[in-house]
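In order, the protein sequence lines correspond to chains A and B.
For the record, in the first sequence the residue sitting at position 60 is 60 according to the working numbering, with numbers rising by one throughout.
To get the working numbering, take the position in the second sequence, counting from 1, and add 1000.
No lab work stands behind these hints, which were simulated from the structure alone.
We put the beta carbon where it would ideally sit given N, CA and C, even for glycine.
Simulated crosslink set (DSS-like; lysine-lysine; CA at most 30 Å straight-line):
1) A/Lys-43 <-> B/Lys-1264
2) A/Lys-117 <-> B/Lys-1008
3) A/Lys-178 <-> B/Lys-1008
4) B/Lys-1022 <-> A/Lys-117
Pulled from the structure, derived: some chain B residues nowhere near chain A, Cβ distances all over 12 Å:
5) Ile-1123
6) Ala-1196
7) Ile-1253
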Amino acid sequence: MRNSLLNGAHWNSIEGENIMREIVIEVKDVMKQFPTGAFLHKKIQVLDEITFELEEGENLAIVGPNGSGKTTLLKILATIYLPDKGSVKIYDHDIFKDISKVRDMISFVSPALSFQKKLTLRETLKFFSGIQDSNIEDIYPFLEEIGLDQLMDERLEGFSEGQKAMTRLAIGMLKHPKILLLDEVTATLDVRRKEEVIDYIDKLDAKLDLTLGLIDHDPMVVDRLCHKILLLRRGGTILRFANVSDLFHEIPYRYDVKVYPRKPLKTKVLDSFGFPYEKLGDFVRFFTQSKKEVDEIHDKLFEKLEAEEIIEFSTSGLSLEDMYFFFLAKET
Amino acid sequence: MGYFGRLKSTVVRNLQVDLKYKFNLVIDVAWLILDIIAFTFLGAIVATTSIKNFEYNLADFLLVGVFFWALFGRAYDDTVLALQEEAARGTIGFLLVNNISIRTLLIARFFSSTVKTITIAMIFIFPILWAIGVIQVDLTLIPLIITLFFLSWIFMIGVSLLVSSLNVIFKRIGVLASLFLYALKIASGYYFPVEALDLFFPGLAQSVLQFPLTRCVYLLRELLILGRIHPNIANDILMISLGAVICIGLALIVMSQIEKLSAKWGTLEFY
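Same shape as in the complex, but just chain B (with noise of 0.2 Å):
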């Protein structure tokens, strides 16, 4: 069997166990509920106080951003606790001499929560966010949408399999692992424009747009809430792609050298 047949019968069995945990599922879709209440809110408040020259409407900005987040955040979330988690019920012996690396196991993981969250995804908050008007998708604008929601995964996987390496030698690392996800979110401009950094450091903004993950949610807006391609669009997802293949690049080479050192040291089966 190929590296690919591996994998997919590793993200079947994730999907088998997630769906055994049924609490965890509806506490996923609730979490999900409320910050899509959560954000309108507060985007619906804030444009009626402030914020004049803003081209969106506040509380579209902020819930595009749970979308994408909603879409991201748990497979992070899930992936850098795979080890843990496998750890604690003792398999991960199991899988290493069944051929399935550390590296295999944290990039199923990160699969089968995508394909978990897409599919709550597609039942709760799309219907929801395209019935309040926030998204109105041009169907031409798709292969663009896919394309951009495409790049941020593959770079989610790269800083998921960085972050879950640092856990390989720490161990128990959640609370910077949920720290490094805070900081992600901020960077993309999942709480604000970060247009808004000028306000405070002049020319800030332009830099932090740079970022593979921030251009993305950026451009994701224009297109999910203005229906509007961003002039520099095939430029942006070039330097996209390319932050993208150096993060997973990279995640697999310090990840494949940390697997060979954690052998060594006898910590792998415990992590």
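Next up, chain A with everything else stripped away, as it sits in the complex (with noise of 0.2 Å):
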């Protein structure tokens, strides 16, 4: 792989198979710490040696616990937070210079932004697509969709968090952005709604070859929208940047199934199950890497069920939570 500065942007190109990728963005060594104190004499270390690139059309994940500075990281791709080290480049241009370029070209749609409350969808809708320049128009499919179109001259005091979000959306996507940054767009909304707006930004982004970088705790989310994972640890440092499926590809299991026995299982009991399994407290898990599987031991538990040798047993898939202990498992 090799780089290139072509016309003002910065691409990848790969040897050998001429396909040439504009790299979107591009971020290196970036350290952030907060002050705090009375006099903001002390510092807290929220990112430390951030380095990671994106192809033009390639989504990323930014996934890790709390206190690990995603959406700090998120904040500072969107302009919000300036890095106290290192780079930042959006298409080539450096946060620092060309800040009003990046903001035109980025939506950050995030729970903590606001609305003046008091104004209706369609005035609050006129004054960001006047401040964008972009056409009130544009985003009529979108509410119709999800069924905000009736709701234009209603005050935004009266939406409720679901429809809140589903603005906040409307607002960002009105842009037309290069860059659409997402912080947990979907954690406020029923599963029905959560699937309307995976589905319209999944073709929002087939269509306008977006770039997302997104916070979501939902594996769902993530799978569905995202090719790169980027995974912080606990202060802030990279703990993998890989492709999502080479990801779920190095975990050994897809399903969990969790079982509370009535006394505890003895070993020779747990391994006739066939499966690779821990013992955690009053409960044990197995792991699994298909649906068949899970079936498999369904039907062994049904029986241990009856037998009354355990009181109850649950499934679940694989979480982004999962995913990071097991790589943090794995590193240390």
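Make the complex out of the two chains shown on their own, each in a separate frame, by following the hints.
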């Protein structure tokens, strides 16, 4: 792989494949501390040595536990915060030097962002379309799809949290951004709404070749929308940066079955299930690769349930927390 | 969209929001009417008991001050409070990522408050002052009067930005900002003729009169009450313009540095 500068933009070209993709986000050695204390003399380390690149059309999920600096990183990309060290370039524009150009290309949507609640939806969208030099009609298909078109003349103070989340998204899309940064936008949505929003973002991404950067705790959202994952440790350093599919493949299981026995199950009994497991306090977790294996384990557990050897069991898919802890454990 | 387009959209949005808070508008009007009543009585009573060698009717003198500060006092207050209010409503982040900087936000707030207060002043104050004979404007003087108001306006944008920059650093400087406005009003000769300072501090009045805002109010009183153009007005306007340009230039430089610092400290969206 080689880097070159072409027409003022930064590109990656893959030898022999004749594929050239523009580097959209380039983050190098970013460090961020927040001052605290009465005289701002103490520093809290939030991000350190963050380096990664994202090519045009690639979508990134930022994953990590609380205190790993996910939102801070997203806010740096959104130019709300500036890093203390290192550089961030968006389409080769440095956020220190060309902040206005960068802001023209990005939209940042977060539950932390709010609007003047006394204004109606129409007035709000008109204001944002005014400052973004965009056309309010462009967003009507989205508003119709989610039913907000019926509320155009309603004040935002009467909106539910879900409707406010959709309004934020509508404002973010109104701009026709090249990069859309989403901070847990689906967190306050019900399952149906979440599905609608993901579908819409997916379609928009396919149509406009957007670059997405998102924080979301739902692996389904990450799996559907993202190509790459940036795993951050607590303290704000990179644990892994890789393709979503590669990371999922590295993890030897997709589902886990949690079993609560009446009394501790003997190792011989647990081995007889034929799946890897771990004992944790008063329950046991079995790990499986496929739904077929889950069915197989369920059959055996129903027998144990009837024999009153176990109290209950539950099955869940691989979560992003699981992924995080898997790689953390692997590292240490 | 250029800078002025964004500024215009923000001004319109501020005015829309102001119109939704109708009770606050009623309070603003009531406040001004009470000021007019209080200063008319004060001026009239003081005039009957003391100052004999004073060129103006003291009530007229005070009411021109009321008119002047009606135009700029509310705009200053609104601008200094703008960050606090936007932060309380959680709107700053959305504005920032849509290329509305803190400077633009504050300048837009000053613009929209000026539109609001000019409307209130023209509907409620100007007619009252006209009716009671305080203001007898010769139409030929109007360009000069507008020029002086415009220069004061530029100067006050600069002052408001500078005080707001303190707001970004120290947060919630409401009382300090009020104190500063009070000091500006005193220095401008709102409460008493600046010349009266010489009674206690000989020579001080001339120095205070060089302050751009004080000079503006002084010249406006000459124009509005006496219909007289001060002989040195060209030189005065030049000096006031210089003061206004320095003030706003300094304010923009300070504010841009404060914005960068605040983005580094991570306090910008909460200011």
